[in-house]
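Based on the provided sequences and hints, a complete structural model is requested.
Protein chains: 2
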Amino acid sequence: MSWVPESAGSLFDVHNLPYGVFSLGGSARRVGVAIGTSVLDLTAACGTQRSPHTALFDAGTLDPLLAAGPATWRAQRGEMTGWLTDPAAADRLARHLVPRADVDLHLPFSVADYVDFYASEQHATNLGRLLRPGQQPLPAAWRNLPIGYHGRAGTVVISGSSVPRPRGQRWVGEPGSRVALTATERLDVEVEVGFVVGTPSPRGSSVPLQDLTDHVFGVVLVNDWSARDVQAFEYVPLGPFLGKSFATSVSPWVVPLAALEHARVRPPVRQPRPLPYLDDTDAEPWGLDLQLELRVNGCVLSRPPFAGMYWTPAQLLAHLTVNGASLRSGDLLASGTVSGPAPGEWGSLMELSWGGTRPVRMPDGSELTFLRDGDDVVISGTFPGPGGGRLGLGEVRGTVLPATG
Amino acid sequence: MSWVPESAGSLFDVHNLPYGVFSLGGSARRVGVAIGTSVLDLTAACGTQRSPHTALFDAGTLDPLLAAGPATWRAQRGEMTGWLTDPAAADRLARHLVPRADVDLHLPFSVADYVDFYASEQHATNLGRLLRPGQQPLPAAWRNLPIGYHGRAGTVVISGSSVPRPRGQRWVGEPGSRVALTATERLDVEVEVGFVVGTPSPRGSSVPLQDLTDHVFGVVLVNDWSARDVQAFEYVPLGPFLGKSFATSVSPWVVPLAALEHARVRPPVRQPRPLPYLDDTDAEPWGLDLQLELRVNGCVLSRPPFAGMYWTPAQLLAHLTVNGASLRSGDLLASGTVSGPAPGEWGSLMELSWGGTRPVRMPDGSELTFLRDGDDVVISGTFPGPGGGRLGLGEVRGTVLPATG
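Taken in sequence, the protein lines are chains A and B. All residue numbers for the first sequence refer to the numbering used here, where the first residue is 1 and numbers rise by one. All residue numbers for the second sequence refer to the numbering used here, where the first residue is 1 and numbers rise by one.
Don't read these hints as lab results, they were simulated from the structure. There could be a bad hint or two in this list.
What the hints assert, rightly or not - To spell it out: a stretch of chain B is covered by chain A in this simulated footprint if at least three of its residues, at any positions, have a beta carbon under 8 Å from a beta carbon of chain A; those stretches are:
| id | segment |
| --- | --- |
| 1 | 158–171 |
| 2 | 245–254 |
| 3 | 284–293 |
Every residue, glycine too, gets a C-beta built ideally from N, C-alpha and C.
This is the structure in structure tokens:
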């Protein structure tokens with residue numbers, strides 16, 4: 001238990017300790033750790049404590065920590081846990097606590113490559129039914145491999161960044177009719193979880209399932225904003241492009257994999273059994289019991305359960321590298337939209353409004369199909385900690401602005 | 001005319017002056033400019049000349065030059081041209097010339113996002129005929145917008161890097177039959193041209209056609225290596241992924257747009273006329289008369305003409321940003337495979353061997369469909385300079401290694 005006020009039993013208990021980058025009133029960026037309702041200024045605390053890890057936090061970004069690798073991740077987390085649970089350290093460290101409400105949060109690491117998967121069977125099935133009615137809803141290779149694509153790393157933005165409604169070419173009226181450049185009329189969210197790579201791997205080698213924790217540092221929440229009409233017009237045959245590339249928001253607190261120990265669960269049984277490089281039947285399980293929540297203007301629209309995802313992060317990583325593609329520190333692997341079997345567990349408006357045909361009635365009496373200017377979107381998440389408590393992933397938020405230009 | 005020996009009239013005449021990054025026998029990396037058969041060590045020459053641009057070249061990468069923007073690009077090129085054409089400067093500068101044959105060349109800039117387009121009508125038509133026989137060969141939106149997707153920036157490698165044959169899941173036998181993880185049997189090349197972004201643009205804004213030269217610094221040759229069997233198995237519905245992400249090779253010399261003045265030609269007439277943001281009918285023309293060449297083991301397989309590309313780099317940039325996606329310094333926009341109407345102008349083995357059904361007879365008597373272990377692939381290119389001469393884009397080279405693992 002930590003001496004930090006309001007931490008014990010909270011979502012940011014000492015068993016969580018996610019890392020972020022903050023500034024105070026325009027000051028230089030510093031690395032911090034969320035605990036209770038505070039942020040511990042790690043850049044300052046390491047100095048006070050004469051920590052061997054001080055140099056990792058000088059640059060005001062998580063990049064050096066990510067690149068330092070798993071032995072350092074363990075040692076630094078252990079050291080920090082020691083400080084925060086040792087009442088004798090409180091005198092020296094309390095002055096490095098800042099109220100979380102007072103800080104400005106920044107993109108915590110440099111995104112190298114951003115890859116987005118499609119790992120929820122329910123989401124892929126729903127989208128297949130909506131977009132290709134009358135056909136098999138799952139793409140042919142879906143159960144053979146985690147389908148994915150590269151997104152735009154340069155437009156990954158921190159929670160709180162506003163999202164101007166993007167323009168794009170689309171059908172005006174029925175498909176096959178007139179084409180125009182307009183603001184999207186089908187702006188959507190995708191509730192996702194992102195895995196942040198720390199340790200690189202060389203080109204020409206593959207990362208086996210069991211090496212996940214050597215390479216992946218931690219987890220963020222992701223909102224993969226999508227313009228469905230733009231995407232529908234452009235995506236054959238090379239996949240989503242401008243329908244996705246205008247913005248992808250991530251949560252500010254990177255929860256280390258080490259904090260997720262009690263969230264690990266067996267993934268679903270896969271049929272057919274995957275090829276050996278993806279077969280985790282006899283491996284340590286990497287299903288994760290993350291309970292997500294999607295709110296628009298404060299109203300809870302769904303609670304997608306990550307535990308049911310067909311493909312685990314270990315499988316995403318093994319597949320991404322099976323062709324010899326290298327990993328870089330800062331690579332971001334997103335899960336794809338998380339959707340469970342029940343409608344209250346679907347992670348996109350495309351599904352929740354069934355392609356816009358079944359509006360969601362909002363508390364203010366309005367009907368929601370796709371996002372409207374001014375809508376405020378929040379994705380949050382929690383997971384089991386030790387002793388039956390719950391810990392938090394924080395939240396990723398964004399507000400839709402009117403189209404410009 | 002330059003005082004540098006063997007430069008006048010060569011592909012690396014003083015009218016070209018492409019930038020690269022080199023080292024000599026393991027020394028620190030330096031920025032250089034190719035001229036004749038030499039490299040001018042810019043990092044050193046700027047010091048000798050007390051140039052105001054010295055700081056741009058200290059880091060041994062083109063990144064600071066790219067970020068400096070068009071006014072600096074013009075000024076620095078003007079200054080350098082002055083040195084190289086002023087016989088009085090020869091005494092001071094000749095000692096900063098290094099034989100090009102002696103240097104090691106490196107990836108000249110940090111690749112931010114890598115985007116690959118599909119801008120050749122002939123290539124898209126050929127691929128459509130091969131992959132979707134009996135259907136309209138061009139995808140529905142193809143004449144409305146430049147179709148493209150994001151590739152893996154982390155596996156963009158410098159010319160000369162070897163390319164281990166990648167593994168991937170694919171059909172063994174007919175589509176729909178058994179699936180296995182094997183080394184690709186359909187390793188291909190794609191002859192492309194890449195445009196290197198210098199000046200960034202903010203998220204939420206678009207770059208109009210006429211602003212190309214404010215943002216794009218220069219041009220490289222690209223080999224977008226492709227595993228056709230892996231790609232065919234995985235690409236529905238999110239596009240190419242592991243079939244492309246194992247390696248993309250670029251040429252070492254970035255030719256500034258300013259050197260391409262005499263290569264600019266009118267692009268083909270587009271029918272239907274594109275929407276206004278893509279309509280270049282009354283704009284300065286950005287078709288480019290780049291004459292490319294594909295050689296395998298020294299044998300010329302084709303000479304793809306870039307001049308016939310349906311979409312110009314100005315249109316690629318305008319489309320990429322029309323949804324408000326930001327640009328970063330180091331973004332790489334590749335054209336997609338360049339193919340002309342004649343079979344001797346096709347830029348991939350998929351086309352040249354017509355899906356593997358019409359092997360190419362090689363000078364050694366062997367038959368080539370897709371690449372074999374040990375095959376050496378070279379893409380080179382030239383373009384018109386002033387006074388009827390030709391200038392060079394250099395070359396991008398790679399050798400196929402056997403699969404590992």
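Item to complete: Enumerate the violated hints, using their earlier numbering and listing them in ascending order.
Response: Violated: hint 3 alone.
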